[in-house]
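Could you put the whole structure together from the sequences, leaning on the hints where they help?
Read off the chains here:
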Amino acid sequence: MGSAANNRWSAHDATDAELLRRTGAGERRAFEKLYRSYFVRLERFVHRVLRHSPAVEEVINDTMYVVWNKAGEFSGASKVSTWIFGIAYRKALKALARFDEPAEFDAEHLPADESGSERAILQAEWRLVLDGVLAQLTPEHRAVIELAYFHQCPYREIAAILDCPVDTVKTRMFYARRRLRDLLDSQRKDLPWADESSIS
Amino acid sequence: MGGRIVDLLNGPHRTTEALLPWLLNGTLTESERSAVEQHLQACAQCREELARQRGLMNLYAAAGAGASSLDADDAYAKLQSRLVEQPRPRTRAPLAWWRLGFGVQTAVVLLLGAALFAQMLPRWFGGADAPYRGLGSAQQFGGDALVMFDPAVSEARVRRALQQAGARIVDGPTAAGAYVVRFDGPLSTGLTSLRGDVAVVRVEPLGPQR
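Protein sequences, first through last, are from chains G and X.
Using this note's numbering, read the first sequence as starting at 1 and increasing by one per residue.
Using this note's numbering, read the second sequence as starting at 1 and increasing by one per residue.
The set of hints was computed from the structure by calculation and includes no laboratory data.
One or more hints might be untrue.
List time: in silico DMTMM-like cross-link candidates among lysine to aspartate or glutamate, alpha-carbon distance up to 20 Å [to be verified]:
1) Lys33(G) - Asp74(X)
2) Lys33(G) - Asp73(X)
3) Lys170(G) - Asp73(X)
Encoded structure:
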C-alpha cells in the first residue's frame, strides 16, 4: 500500500507554498515554475474530467490565470495543490457545460517508450479501453476516481477540491468503483491480457 | 413478534469499505488506518473487498501516466500574453512622492544600463541576435499511433482517412480492434487529421517510429 512519505499528492507541498508566496509578491519567474510544475498534473486531471482536448489547455490557462491574480490572497487554509485543483475542477465543469457531447479522447505527443514497442502498444491499448470505460461515468465520478487512484489525494482534500461534503466523496467513490469494476469486467472478457501483470 | 432492524447502510463493513481506497493510496490518518486494519484482521469479507479494490486500483495505474497532449511552452506563451495585456492589479499602497522620484531615477539608470548591455551581448558572444525560443517546440516528423476506427465505416473510407493523414497501417488489429498506424510526415498534422475524421473513434500516440 502507498505511504504518506512518498505520496504523489504531497510530494511538492513545500516547494508549492514557496513558489505561490513569491508569485503573490509578483515574481513572474516563480509563477512560471509553478505553472510548469502543475502543467502535466492539471492536464491529466482536466482531461479526465473534460474529455475534450481543445478545451484542456484553455482550462489550464484559465486556472493558472486565477492563481496569478489570487496568489496574494491565498490564506494557506488548504494545501496549494488542493486550492489549484479546486479552481481547475470548477473551470473544467464550466467548460463541460459548453459542450453538448463528450468528445473522443485524443492526445498529440507521447514521450518515446524505450522499454519495448509491444509493451507500449499494450499499455496504449489499455488506455484506450480505460478511457472508453471512464467515459461512461459522470464527470464527478471520474474526478473522484482520478484524484484518489492516480493523484493519491486524501478524501478530505478531494472534498475540498470538489466542494462537497466528505460523505459525498465516499459515496461517489463507492458507486464509481462499482460501476468501473462492472464495466471493466465486461471489457476484460475481450482482453484476456488486461491484468496489471501483463500491462505494467 | 420479535425482530431486529439491520442497518445495511452503515456499520463497520460499510465504514471500512468506504475508507479502503484511501487505505490503499496511503492517506488515512493514523487513527483511521488503525481502525480499518483492526477490522480487516477480523473480517474476511472486507479482506476480500480490499483485494478487489487493490486489483481495480492497479488496473487503473497500469494504464500509466499516458500521453501529454499539449506543449507546455506553447501553452505558457499564450498565458503570458494574457498576463501582459491584463497585468495583475497592484495590491500595495501608493508610494510616497519622494520614494517615487527616487524609484523613477533608479529605473532610468537601470534601463539605460540594460540597453547598453543588450547591445554589447552579441559582440561578446559573437552570434547574431537570436530570438528567445522555448524548449521542446521543434516539430516531430514520423511516429506511430494506435488507432481505433469506427467498425461501421467501409475499408475504402478507412483508406481515405489514412491517405489524408499521410499514414499507413503497419500492425494490428489488436485484441481491442485497434491498429498501429505510422506517419511519415509531421506527426501533429497527421494526428490532427485522424482525430478530426469521422471514421476514427480514438487515437493514442505511441511516439517515434520503432
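Tested hints:
1. Lys33(G) - Asp74(X): 15 Å, holds
2. Lys33(G) - Asp73(X): Holds, because 12 Å separates the two Cα atoms, which is no more than 20 Å.
3. Lys170(G) - Asp73(X): With Cα atoms ~37 Å apart, Lys170(G) and Asp73(X) exceed 20 Å; violated.
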